[in-house]
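Using the sequences and the hints given, assemble the complete structure.
Quick note: the sequence shown, position 57, residue 57 per full-length UniProt numbering, numbers continuous.
Calculated from the structure, these hints are not laboratory results. Mixed in with the good hints, there may be bad ones.
As the list claims (entries may be wrong) - When the alpha-carbon atoms are kept at most 20 Å apart in a straight line, the in silico EDC-like pairs for lysine to aspartate or glutamate are as follows:
#1 6 <-> 16
#2 11 <-> 64
#3 11 <-> 30
#4 95 <-> 76
#5 61 <-> 123
#6 95 <-> 49
#7 6 <-> 136
#8 61 <-> 40
#9 95 <-> 136
#10 95 <-> 117
#11 6 <-> 76
#12 11 <-> 25
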Amino acid sequence: MLLNIKNYIRKPETMELISYAVFPDDRSIEQAIQQYEANDAWQLYGFEDGELLVGLIGFEKMDDTLLIRHISVIPENRGLGYGRGMILEVLTQEKPARVVAETDEEAVDFYRSIGFEVHSLGELFPGVERFRCVYEAEEDEE
Numbered sequence: 001m002l003l004n005i006k007n008y009i010r011k012p013e014t015m016e017l018i019s020y021a022v023f024p025d026d027r028s029i030e031q032a033i034q035q036y037e038a039n040d041a042w043q044l045y046g047f048e049d050g051e052l053l054v055g056l057i058g059f060e061k062m063d064d065t066l067l068i069r070h071i072s073v074i075p076e077n078r079g080l081g082y083g084r085g086m087i088l089e090v091l092t093q094e095k096p097a098r099v100v101a102e103t104d105e106e107a108v109d110f111y112r113s114i115g116f117e118v119h120s121l122g123e124l125f126p127g128v129e130r131f132r133c134v135y136e137a138e139e140d141e142e
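This is the structure:
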């Protein structure tokens, strides 16, 4: 179950998870934290397994589109379905028409496995190819 952890963003375990989703330097982590603190549209949810915070997903909802800003799982729990579960739970909770994420080559197969369409954005940073991943949600039949 996802828990709103925006008010706990400066706790060490939350900051550690954010560090896995950004360039892991103090400046990048602080910039991400400040964005969540300054923007009401930016939401941050954590996923707990027992007492352990194993993952987080941060997103911004813009009209009918949900933009994933950050998603991470602690290294020892990767590959166990937590990332997929967080995205599916956000889809159920927020009901967006589409979900968009920008990522690097390391995470492209993760998004592809969930059903996202993947498009190369080219090298936005020297030597680093970036990708735009888009998931079009199915409309509910009445």
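A quick look at each hint next to the structure:
no. : hint       : verdict
1   : 6 <-> 16   : 14 Å, holds
2   : 11 <-> 64  : 31 Å, violated
3   : 11 <-> 30  : 12 Å, holds
4   : 95 <-> 76  : 30 Å, violated
5   : 61 <-> 123 : 26 Å, violated
6   : 95 <-> 49  : 24 Å, violated
7   : 6 <-> 136  : 26 Å, violated
8   : 61 <-> 40  : 10 Å, holds
9   : 95 <-> 136 : 11 Å, holds
10  : 95 <-> 117 : 18 Å, holds
11  : 6 <-> 76   : 23 Å, violated
12  : 11 <-> 25  : 17 Å, holds
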